[in-house]
Structures are given as structure tokens and as C-alpha cells.
Amino acid sequence: MKVFVGGAFQGKKKAAMEKTGLCETDFLDGETCTKEELLTGKAVNHFHSYIRRALKEEREGALDAFVQELFRKNPDLVIVSTELGYGIVPIDAFDRLYREKVGRILCKAVEQAEEVYRVVAGIPVCIKGEKV
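The sequence shown begins at 5 in the working numbering and counts up one residue at a time.
Think of the hints as simulated: they come from the structure by calculation, not from any bench. Careful: at least some of the hints might be erroneous.
The list that follows gives simulated cross-link-like pairs (lysine to any residue, SDA-like), each with its CA atoms no further than 25 Å apart [unchecked claim]:
hint, residue 1, residue 2
1, K17, E41
2, K46, V71
3, K46, E87
4, K39, E119
5, K105, Q14
6, K112, D30
7, K46, V114
8, K39, C111
9, K105, V124
10, K17, D33
11, K23, L43
12, K112, L26
13, K39, E64
14, K17, F75
15, K39, D99
16, K46, E61
17, K132, P79
18, K17, E40
19, K112, C130
20, K23, F75
21, K77, G133
22, K105, E62
23, K105, E73
24, K112, L67
25, K105, L67
26, K132, V114
27, K132, M5
28, K77, F31
29, K46, T36
30, K23, A12
31, K17, I131
32, K46, R57
Pairwise CB distance ranges (calculated) [to be verified]:
hint, residue 1, residue 2, range
33, T36, D80, 18 to 24 Å
34, F13, E104, 29 to 35 Å
35, C27, P94, 31 to 37 Å
36, G133, K18, 16 to 22 Å
From the three backbone atoms N, C-alpha and C, an ideal C-beta is built for every residue, glycine too.
Let's have the full structure, built from the sequences with the hints guiding it.
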């Protein structure tokens, strides 16, 4: 697994394509993809958006179970996600849960990942892996 994180509009997907050799069509979109597509896909952009959708559509426990299954069944998945959690704590309970859930799921992904990059201003900085 490879994980690319960073702020909004920092060039995460482009960095992922450069570092992995994947092309535009290899990426699922977390805003629209299905569970089944994630289990067999090569890469997912906007993974944080998938988490938001899943939290709205199903129980939190079901999402946790699916994420464990995803990481087990698709260990080569490339994950691209926007970092959340900096700044003001949201007033809305769902937004707080979403922010926390994205952070905890990304921690699990990073734990299992071979390589992790934080992308800042289009520059991928390796924070885990052989290039550190």
C-alpha cells in the first residue's frame, strides 16, 4: 500500500501518478466509487470523501469492518486523501465524527503502508519507506 496525504489542492494525485506509474484512469473517485470497486481497484483519489459517504450511509462499525477488509484484500491499493483535523473543531457532531474517523483510518493505512508521502505545494515528501 502507498498513501499520499496533504492539504486540499496540493497536487496529491499528480504526485501519486508520478511515484507509482499509474495513470488517470487507474484512479477511482472516493466521491462515487463502490465498496466492490475499492476491493479490486488500483488506486483511490478523495479517499476521505468515501469515508464521509460511508458514515452517512451505514453504521460506524460497518465502516470500520469494511476498512479492515479493504486493507487485507487489497494491500497494493494507492490511497490519496486530504488531511483533515487541523484548525477549529467543528460544532456539528457528524463533522467531528467524520474528521476523527478519517484521521484514525489514515493512521491504520499508514501503519500498513510500504510508503507514505505528504504532499506540500506539489512536492511529495517521503515520510515512510525506503526513501526516508
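The hints, checked one at a time:
1. Our distance criterion of 25 Å between C-alpha atoms is met by K17 and E41, whose separation comes to about 18 Å.
2. Between K46 and V71 the alpha-carbon distance is near 16 Å, which keeps this suggested pair within the 25 Å criterion.
3. With a C-alpha separation of about 21 Å, the suggested pair K46 and E87 falls inside the 25 Å cut-off, and the hint holds.
4. For the given pair, K39 sits about 23 Å from E119 by alpha-carbon distance, which is consistent with the 25 Å threshold.
5. Straight-line distance between C-alpha atoms of K105 and Q14 comes to about 22 Å, which keeps the hinted pair within the 25 Å bound.
6. Annotation: proposed proximity of K112 to D30 holds, straight-line Cα distance about 23 Å (limit 25 Å).
7. A distance of roughly 17 Å separates the Cα atoms of K46 and V114; the hinted pair therefore holds under the 25 Å criterion.
8. Note on K39 and C111: the hinted pairing holds, with a Cα-Cα distance of about 20 Å set against a maximum of 25 Å.
9. A threshold of 25 Å between alpha carbons decides the hint, and for K105 with V124 the separation of about 23 Å falls inside it, so the pair holds.
10. Only pairs whose Cα atoms come within 25 Å are accepted, and K17 paired with D33 is accepted, the gap being roughly 11 Å.
11. Of the pairs offered as hints, the one joining K23 and L43 holds, with about 22 Å between alpha carbons and a cut-off of 25 Å not exceeded.
12. For the hint pairing K112 with L26, the CA-to-CA distance comes to about 23 Å; that is within 25 Å, so the pair holds.
13. Note on K39 and E64: the hinted pairing holds, with a Cα-Cα distance of about 15 Å set against a maximum of 25 Å.
14. Of the pairs offered as hints, the one joining K17 and F75 holds, with about 20 Å between alpha carbons and a cut-off of 25 Å not exceeded.
15. Pair hint K39 plus D99 holds up; C-alpha atoms about 22 Å apart against a cutoff of 25 Å.
16. Annotation: proposed proximity of K46 to E61 holds, straight-line Cα distance about 24 Å (limit 25 Å).
17. For the given pair, K132 sits about 16 Å from P79 by alpha-carbon distance, which is consistent with the 25 Å threshold.
18. Taking the CA atoms of K17 and E40, the gap is near 21 Å; set against the 25 Å cutoff, the hint holds.
19. Pair hint K112 plus C130 holds up; C-alpha atoms about 17 Å apart against a cutoff of 25 Å.
20. Distance restraint check for K23 and F75: the Cα-Cα separation of roughly 20 Å lies within the 25 Å cut-off, and the hinted pair is therefore satisfied.
21. Between the alpha carbons of K77 and G133 the distance comes to roughly 21 Å, so the proposed pair stays at or under 25 Å and holds.
22. The straight-line distance between the Cα atoms of K105 and E62 is roughly 13 Å, inside the 25 Å bound, and the hint therefore holds.
23. This hinted pair checks out: K105 and E73 have alpha carbons roughly 16 Å apart, not beyond 25 Å.
24. For the given pair, K112 sits about 13 Å from L67 by alpha-carbon distance, which is consistent with the 25 Å threshold.
25. A threshold of 25 Å between alpha carbons decides the hint, and for K105 with L67 the separation of about 9 Å falls inside it, so the pair holds.
26. A threshold of 25 Å between alpha carbons decides the hint, and for K132 with V114 the separation of about 8 Å falls inside it, so the pair holds.
27. Among the hinted pairs, K132 with M5 is consistent with the structure: their alpha-carbon atoms are about 11 Å apart, no more than 25 Å.
28. Our distance criterion of 25 Å between C-alpha atoms is met by K77 and F31, whose separation comes to about 17 Å.
29. Restraint check for K46 and T36: satisfied, since their Cα atoms lie roughly 15 Å apart, inside the 25 Å limit.
30. The suggested pairing of K23 with A12 holds, with an alpha-carbon distance near 19 Å, which does not exceed 25 Å.
31. For the given pair, K17 sits about 17 Å from I131 by alpha-carbon distance, which is consistent with the 25 Å threshold.
32. Between the alpha carbons of K46 and R57 the distance comes to roughly 20 Å, so the proposed pair stays at or under 25 Å and holds.
33. Between T36 and D80 the beta carbons are some 22 Å apart, a value that agrees with the proposed interval 18 to 24 Å.
34. For F13 and E104, the hinted distance range of 29 to 35 Å is not satisfied, since their beta carbons lie about 23 Å from each other.
35. Take C27 and P94: their Cβ atoms lie about 36 Å apart, and the range 31 to 37 Å holds.
36. One distance hint, 16 to 22 Å for the beta-carbon pair G133 and K18, holds here, with the actual separation near 19 Å.
Violation of the numbered hints given earlier is confined to hint 34; every other hint is satisfied by the structure.
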